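Student: Use these hints to put chain R onto chain G, whose structure you have.
Top line first, the protein sequences correspond to chains G and R.
Residues in the first sequence are numbered from 1334 upward in steps of one, following the working numbering.
Residues in the second sequence are numbered from 59 upward in steps of one, following the working numbering.
FYI, nobody ran anything at the bench for these hints, they're computed from the structure.
Treat the hints with caution; some may be incorrect.
[What the hints assert, rightly or not] Examples of chain R residues lying across from chain G (beta carbon under 10 Å, computed): (1) I91; (2) V92; (3) P93; (4) F108; (5) E110; (6) F114; (7) L115; (8) V122; (9) T195; (10) K196; (11) I197; (12) Y198.
These figures come from a predicted structure and were not determined experimentally.
Glycine is no exception: its CB is placed at the ideal position from the N, C-alpha and C atoms.
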Amino acid sequence: MSYACNVRGLSKCYRVDRSAPRGRSGYKTLRDDLTRLASAPLRALRGGPDGRSEEFWALRDVNFEIQPGEVIGVIGRNGAGKSTLLKVLSRITKPTAGRVELNGRVGSLLEVGTGFHPELTGRENIYLNGAILGMSRREIARKFDEIVSFAEVEKFLDTPVKRYSSGMYVRLAFAVAAYLEPEILIVDEVLAVGDMAFQRKCMGRMHEVGRGGSTVLFVSHNMPAVESLCTRAILLDSGTVVQQGDVREQVAEYRRRLMGALDGQQVALADLDAPGRRLKVFRSVAILDEHGEPTNHLPLGGEFRIRLTLDAARAVHYPTVTVGIDDNLGQRMISLCTPLRNPVIETLDGTCEVECRVANFPLAPGEYWVKLGLATPAERIDEVERVTMFTVLNGDAFNEGRGIHQGVCVAPTAWTVEPKGR
Amino acid sequence: MSMSVDTPVEPRNAPRAGAGAPAGPGHAAHVLIVPPKGFQPLDLPELWRFRELLYFLAWRDVKVRYKQTFLGAAWAVLQPLMMMIVFATFFGRLANVPTGGLPYPLFAIAGLLPWTFFSTAVSGAGMSVIGSERLITKIYFPRLAVPFAAVGASVVDFVVSIGLLFVMMAYYRVAPGPGLLLLPVIFTSILLTALGVGTLLAALNVAYRDFRYVIPFLLQIWMFATPSVYMQVDAPPPAAAAPAADGAQAGAAPAGGSDGRAADAPAKKGPGRKWLRAVLALNPMTGLISAFRAAALGGPIPWGPFAVSTACAGAAFLVGCLYFRRVEDGFADII
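This is chain G alone, in the form it adopts within the complex:
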């Protein structure tokens, strides 16, 4: 009983209906179930597989233990099972097999502002959201002033939140969550909200929670944040624990897997499941250097090339391809889109390769993530986040005898000096 959290043989299986159209229309209808019942009564009643559905194991035999007061990072690539793990630990969904024991009051934060109602005022929403997060009315009343000053919304307390700016809304939402004082805190990537200053404030608050003796389970793609907050990390891949232990080793292994798998080759996307993939058009992606060789390290201000393989199962007319590049905090840095006028692809049917070049890539040294999107004027077809990452290395971009130390982007400059006499 010394542990705060003990996970044994945890597995979660989803049934994916292959016959249903992809996307959000996965609801059963009464008619479907009635026809199923009529056509195969026994099988339908037993709820067994009916040939049309496939099993998808989001988690498979996951084991780990967390000691009280530990701050643990959960890292892994897309579809590794991080979100499912958090959902099971926060009791939102039930596991298919295995068991979890938690000792202590659990607070989970998979989203900020859950339950906020746009019609209610800031004051009312603080109470409502607090109650939803598991705080008592007395507890909220006691922390009320701190929440309000953290969110910086004193003047608008009695305004309905639907009239708030999006920044105010997010600050208020995070502030309520920040004053949750559970013994075990489960946090999904919710820190990527608000402006930079507010994010720094949120990270500061997370540090305090960790130091205050709470056990924290923290999921993030933001490796610097994981390294600075956590002492230990669990690396997940394809629903299983690859390894766990010292946070630096795990982050290094995560990067090695991510980059190593990529460096010198392309990333396959054909079998990657993600919510936005209505049709899996993106087959692979590779970042190339100026010679057309796959790489994940670019010199500052050098040429950036990205090559995508597309394969459409049905004809897609006038598709726009977007390559979004985000920083570690999930902030969009730049969007590279195919033009609307004179489209580069008129009809996508079958396989093709698309390459985009940026001659003087302007982003400052750091790590960046690539998101891909394909849409027609009528619908979104394929969206995949964080397909790959790359690093921009500091260097002498413009033959000026130095690299850069400040700012988020670089540009070639021309300086003139006109003597105006004395």
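Tutor: Only chain R this time, still in chain G's reference frame:
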């Protein structure tokens, strides 16, 4: 932040767990998560621990319902009032429905108020879970709190609108009898029925969105299948009404006693009506609304139908909640 003001381990919770780990108001200190297995018992202690959440969800529904409306909470009174006027015109004046000597408007409102409560509670609860998708996929709490809170919000409307009944009783100079004391019991039965039916529909609605369309339709049919809303089903038919009404004091027909005679009369008219009566008797709302009216307006309580309906109410509550508990584990995956 100014953490320094608070001591880190201040008694933020009642120290009932004893062994160091303070139990929060909303969360148990020790949690075991295992795969679901069949029917779950109704976890009332857990629901009780989350009573503040229940309160806040109901409070939100009440607050939001009348935001940006000009008349505000007056709508709780206006809706049954307008229905009463329509009914009074058609059933009271044109169809001359027997009311056992009561002024028709008063007769109608005493049935409409509990019905309006039942109807808004069931439709509110039935839609509540699919309307709380964000909550259900992002945070844990006993899922029953959602439909229960929706019913709770309707209770507030009912309490506001009940004032209308007393105003009308004063206007028509009808004094409440001792049956008034029974009103809370009868209301509890209606509440249990609404909770049961609403919870069942809420759970079905998650898996089958068909129920979005079924619920309004079902309530409309149910209203016609509840004759006590618009006429007195247990009153003798007009031909036999005269002698029965003679014996009745203060207007109200002796509903319980008239059951036998009423059953005789339609028997002569063929098996169809008898069969219909049997079906109508299965509808718990028929007995509950008759009892509600009798208790409020001082008539004799129809004990027989009331007892049957109360049993039905309890059964509906159990069936609804158990089915809900059976399927709630899958809500986050399929909603």
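Student: Now tell me if each hint is right for this structure.
Tutor: To see whether the hints hold, each was checked on the structure:
Residue-level restraint check for I91 (chain R) holds (minimum Cβ-Cβ distance to chain G is 4 Å; threshold 10 Å). For the restraint placing V92 (chain R) at the interface with chain G, the shortest Cβ-Cβ distance is roughly 5 Å, inside the 10 Å limit, so the hint holds. Given hint, P93 (chain R) at the interface with chain G, holds; its Cβ is 5 Å from that chain's nearest Cβ, closer than 10 Å. Restraint check, F108 (chain R) versus chain G: the minimum CB separation of about 8 Å is within 10 Å; hint holds.
Interface restraint check for E110 (chain R): the shortest CB-CB distance to chain G comes to about 5 Å, inside 10 Å, so the restraint holds. With its C-beta approaching chain G no nearer than about 4 Å, F114 (chain R) sits inside the 10 Å limit, and its interface hint holds. Interface restraint check for L115 (chain R): the shortest CB-CB distance to chain G comes to about 8 Å, inside 10 Å, so the restraint holds. Hint status for V122 (chain R): holds, given a least beta-carbon distance of 5 Å to chain G, under 10 Å.
The closest approach between the C-beta of T195 (chain R) and any C-beta of chain G is roughly 7 Å, which is under the 10 Å cut-off, so the hint is satisfied. Interface hint status for K196 (chain R): upheld, as the beta-carbon distance to the closest one in chain G is roughly 5 Å, under 10 Å. A distance limit of 10 Å between C-beta atoms decides the matter here; for I197 (chain R) the minimum to chain G is near 5 Å, and the interface restraint holds. Checking Y198 (chain R) against chain G by beta carbon gives a least distance of about 4 Å; that is within 10 Å, so the hint holds.
The structure shown violates none of the earlier numbered hints.
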